[in-house]
Each structure stands twice: as C-alpha cells, then as structure tokens.
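Colleague: Listed in order, the protein sequences are those of chains V and R. With numbering that gives the first Met the number 0, the residue at position 28 of the first sequence is 27, and numbering never jumps. With numbering that gives the first Met the number 0, the residue at position 6 of the second sequence is 5, and numbering never jumps.
Treat the hints as calculated values from the structure; they're not laboratory data. Worth double-checking, as some hints may not be accurate.
[Said to hold, decoys possible] When the alpha-carbon atoms are kept at most 35 Å apart in a straight line, the in silico DSBU-like pairs for lysine-lysine are as follows:
hint: 1; chain 1: V; residue 1: Lys120; chain 2: V; residue 2: Lys164
hint: 2; chain 1: V; residue 1: Lys254; chain 2: V; residue 2: Lys114
hint: 3; chain 1: R; residue 1: Lys162; chain 2: V; residue 2: Lys131
hint: 4; chain 1: R; residue 1: Lys134; chain 2: V; residue 2: Lys160
hint: 5; chain 1: V; residue 1: Lys42; chain 2: R; residue 2: Lys134
hint: 6; chain 1: V; residue 1: Lys114; chain 2: R; residue 2: Lys162
hint: 7; chain 1: V; residue 1: Lys164; chain 2: R; residue 2: Lys6
hint: 8; chain 1: V; residue 1: Lys160; chain 2: V; residue 2: Lys86
hint: 9; chain 1: R; residue 1: Lys134; chain 2: V; residue 2: Lys120
hint: 10; chain 1: V; residue 1: Lys207; chain 2: V; residue 2: Lys151
hint: 11; chain 1: V; residue 1: Lys86; chain 2: R; residue 2: Lys134
hint: 12; chain 1: V; residue 1: Lys254; chain 2: V; residue 2: Lys217
hint: 13; chain 1: V; residue 1: Lys151; chain 2: V; residue 2: Lys114
hint: 14; chain 1: V; residue 1: Lys262; chain 2: V; residue 2: Lys151
hint: 15; chain 1: R; residue 1: Lys162; chain 2: V; residue 2: Lys37
hint: 16; chain 1: V; residue 1: Lys245; chain 2: V; residue 2: Lys262
hint: 17; chain 1: V; residue 1: Lys120; chain 2: V; residue 2: Lys131
hint: 18; chain 1: V; residue 1: Lys107; chain 2: R; residue 2: Lys6
hint: 19; chain 1: V; residue 1: Lys42; chain 2: V; residue 2: Lys217
hint: 20; chain 1: V; residue 1: Lys151; chain 2: V; residue 2: Lys131
[What the hints assert, rightly or not] Footprint (simulated), chain R over chain V, 3 or more residues, beta carbon under 8 Å:
hint: 21; region: 93 to 99
hint: 22; region: 127 to 133
hint: 23; region: 176 to 190
hint: 24; region: 193 to 203
Fair warning: this is a prediction, and the values are worked out from it, not measured in the lab. Cβ atoms here follow ideal geometry from the backbone N, Cα and C, with glycine treated the same way.
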Amino acid sequence: MSASTSFAAPKFEVKSHSSAGSTVTKIAVEDLNFFYGKTQALKGISIEIPERQVMAFIGPSGCGKTTFLRTLNRMNDVIAGTRVEGKVAIDGAEIYAAGADVVDLRKKVGMVFQKSNPFPKSIFDNVAYGLKINRMTSSRSELDGRVEEALKDAALWNEVKDRLKSSALGLSGGQQQRLCIARALAIRPEVILMDEPASALDPIATSKIEELIVDLKKQYTIVIVTHNMQQAARVSDLTAFFLLGKLVEVNSTEKMFTAPTEKLTEDYITGRFG
Amino acid sequence: MKILSRKDRSRRSVSALMTSLTALCTFVAVGILIVILSYIAMRGISALNLRFLVDTPRPVGEGGGIGNAIVGSGLLLLLSCVVGIPVGIACGIYLSEFGGGWMVSGVRFLIDTLTGIPSIVTGVFVYAVIVLRMKHFSAFAGGIALALIMIPIVARTTEEMIKLVPHSLREGALALGAPQWRVTLGVVLPAAASGIATGAILAIARVSGETAPLLFTAFGSRFFPRNLNEPIASLTVQIYNYAISPYDEWHAQAWAATLVLMALILSINIVVRFLTRQKFS
Chain V
0 MSASTSFAAP
10 KFEVKSHSSA
20 GSTVTKIAVE
30 DLNFFYGKTQ
40 ALKGISIEIP
50 ERQVMAFIGP
60 SGCGKTTFLR
70 TLNRMNDVIA
80 GTRVEGKVAI
90 DGAEIYAAGA
100 DVVDLRKKVG
110 MVFQKSNPFP
120 KSIFDNVAYG
130 LKINRMTSSR
140 SELDGRVEEA
150 LKDAALWNEV
160 KDRLKSSALG
170 LSGGQQQRLC
180 IARALAIRPE
190 VILMDEPASA
200 LDPIATSKIE
210 ELIVDLKKQY
220 TIVIVTHNMQ
230 QAARVSDLTA
240 FFLLGKLVEV
250 NSTEKMFTAP
260 TEKLTEDYIT
270 GRFG
Chain R
0 MKILSRKDRS
10 RRSVSALMTS
20 LTALCTFVAV
30 GILIVILSYI
40 AMRGISALNL
50 RFLVDTPRPV
60 GEGGGIGNAI
70 VGSGLLLLLS
80 CVVGIPVGIA
90 CGIYLSEFGG
100 GWMVSGVRFL
110 IDTLTGIPSI
120 VTGVFVYAVI
130 VLRMKHFSAF
140 AGGIALALIM
150 IPIVARTTEE
160 MIKLVPHSLR
170 EGALALGAPQ
180 WRVTLGVVLP
190 AAASGIATGA
200 ILAIARVSGE
210 TAPLLFTAFG
220 SRFFPRNLNE
230 PIASLTVQIY
240 NYAISPYDEW
250 HAQAWAATLV
260 LMALILSINI
270 VVRFLTRQKF
280 S
C-alpha cells in the first residue's frame, strides 16, 4: 500500500456481516514466542480467536503474520531449526503439549496456501486425497458424495463437474486455488487457515474467493492472512495488526478501520508506512 | 558504422581463434566416437545373422552364436534391477526426505565414493563374499555385483529428482493430515517418477556394459541358462573370451557381439532421451 496523500482519512468500506456471531473462543494463544534458529520471529503473542468468525491478520511484509498462522496447525514443524514457546489451545486442548498428535490437529485445522498447490493428480483425486489417507469414507459412493459436496462448497462444482478425471494442473489459477479450498473442506475441518489465498489471483477470481470466505464462516472458523487491507475490511469480522513480530492490536474490523485504538495501527492503515 | 580500432580487431581475431579451437576439439571428440561406432559396425556386420543371434557357442569352425549370452545379459540386468533399483530409490528417498545432520552427509559422501569405485573391485568383493561362500559362480552373484554398481547411481538421481519436487506440494499434503510417509509415497514420489525412471534406465545402461564384475561372479557359460544358481553367460564376458582367443572366426564373432551390445546400449539411451523430453514438454 503506497502512502498516498489523499488517504488522510481512512475510507474503507466495512461490510457489516451483522457480527452477532458466536463469542465462544476457538483458538486461545497465550504468550507465544517463535524462533527461526536464533532469530525471534514472534514476540509474546496473546490472542483469542472466536468460533465461526473470520479473523484477518494484517501487517507489513515480514511482520510474522504468516509465521503465526502456521503455528496454529504446527506447519512450522516441517522447517528445521524452529522453536516454539508459549501456549496455543484449540477447543481448550493444547496443540504443542507433549502428547498432542499433529495429524489429528491438521485434520481439524485445514490450510490454504498463498500459492495454489494442487497435486499433479486429477481434480477428483485432489479433493479425495485427504479423505482417502484419513480413511474418512467407507464406500465409493460416499467418497463421490463428499468430493461433490466439497467442490460445491468451494463454488467450483459447476466448472469442473464434467472433467473430474482430468488433471488439476489444467485449471486456471483461480480455479486451482478454489480446488485447494475444496481439498481442505473435504475433510470437514473446524478451522481454516488461509495464507494470502488471493494474492496471486485476478480481481474476479479474488472476489469469488472472498464471497466464498464470507459464506464459509457459517460453518468454519476462518483465519486469513492478507496484504490487502480492503480485503480484510470486506471479509473479516475481526482484524489483528502485526508489526515486527508483535501483535499491536486486535479489534472488530469495523472499529479497526474507522477508529483504531493504537496510533501504530492508524499509521499503517492510513498508509503512512508499510 | 564505427571504424574498428586495432584493439577491437585483435579482440575479434582472438575470439574467432578460440571459437574455432573449441569447434575443432568438438569435431575430434565426436569424430573419434563416429570412427569407433562405424569400425565396430563394419567389423561386426559380417558375422551377424539371425542364426548368430539365437544359437549357442560352438567349437571353432562350426559357427555358433550368442543367443545364450543375450538371454544371460537380460537375466543379469533383470536381477540387478530387482535388487538395485528398490534399494537405490529407498536410499535416495532417505537422503532427500529424512535428510539433515551429519549422518546424511556421511551417507551421501559414502555413496559418492561408491560411485567412483572401479567395477572390478566390486567384482572381487562379491567373489570373496558370495562366490567363495557358495563355492560356485552364479547368476545371483553376477546380479548382485551389478546391483552394487547401480545403487549409488539410482540413489543420487532419486535424491536430486525428489529435491526438485516443490516444497509447497509436501506442505499441501501435510496440511491435510497426511503422515510423512504417505506424503512421500503418495505425492512426492509420483511427482518425481519420470526423473527417477530416467535415473534407473541410465544405471541399467551403465551396468549393461560391465565386464569386470561379471568375470568373477557370473563367470560365463556355453549353454542357455536353466538355473540362476549356476554360472551364466553374458554378452560382455563372451566378447572378452572370444577377443582374447587365437581364432579369426571367434574374433569376427566378438565384433558381431560388440555390435549387438552397442545397439542394446544405444536403444536404452534413446529410451532415456524420450523419457526426459516428455518431462519437459
């Protein structure tokens, strides 16, 4: 976001999603520190993410929002030399506890990545992958049904129903990303983490994904990282602002973009830096 | 147009000289290869006929062929693939997917060393460890000797090919709750399959020309193989035996067998080319 002078007053169109949503806490994070080797990427993060709402993480590049998102399904475990301190609890169960099973966690907390990453398999097999490896269906017809349901939920069914057997790599960028969302939805997670899911897409594909996000929060708790503040304003109920590994402010999106509590948030949102 | 200065002109002439020098060296290298191939074809073609390809060796003056050696070479290659390819691929998977730390760099160093070991050393080793224990030469021993040569080649190509699979694919599968081993087998390996196949075929092409490790292990035979626990004929050993004999007829047969072997390796290489081209198209 460039610092344009015409941006003196924040002019964000904040859609009110009548956020009378649940206030039950889904994810509770307490004093989380995260290290890449000796570099501390997250510093004392504490936040509560409520159930069935969309929370957006905003902040300049390198502020730790993606790193934080990836601590919520322990995706950072695959990076060598990383270390986590503090508590992350989902439905009250600590995910970094000694006996916590990372496979169970990831079934519960799905993820959509910045760059769409369909497997080099057919469209059907991409969506069926999670169901097959986790043995979630008992018959072929059940599997077909779950795949169809996931593709419909991801608003992709009508575009691909006649070519389920063709390669997923033949889809357009926006379709591939919705396929990845369908793949995540198929195993019926409770939380969906989205890491800049529309950053590589054109405006039409982006708006499709955004509509989808608003639609999905009826069933899922959604956490989305975005570089695009308008996007955060459009889709989220709550917004968290990160800067240099610290959580500066969490607030309702409406409040965040009209009357932020912190000076730093205001400066960022009005484009004075970042 | 600018008039060339003396400096420009000398730079250009040095450039032209170096270009022609490298071109000359290329012609020499390729020329020698062509001379070798055409000489083998010339010498080999005279003794080559259908009977030669299907018959077993006979005493001097009675003709005979290399049918048993072709079948033997095929069986030896099959044996070496059965042992060498799975072990090599598994090793490559370990190096790339579960790698990191001193253990893996140690293994990688050993594998690189193994690649450079002269094949006769492998032959002597298998002779000492297997042939002497079993008290006879066998196709098994030959197959294992060839497999030992294949393993490091397959392992390193597998490792390199798996490293080319984008990390995002692995993360996508892990994020769906897939355990590491399922990610490797179900997502990473299929994505690297064509590259791994190329590596395996290159390894086959490499060992199909080996003679030394077979001299002490498979030994050779004048009959069609009936049992893998017996000595077995192979093209390379047959060529060696005929070439060092004092008979002109056997010399001609050695040339013909060499031609067959060259054709075999050439066709394997063409298959490799075909596979790699498919990968990039």
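Colleague: Among the hints numbered above, which are violated by the structure, and what are their numbers in rising order?
Modeller: 4, 5, 7, 8, 9, 11, 14, 18, 21, 24
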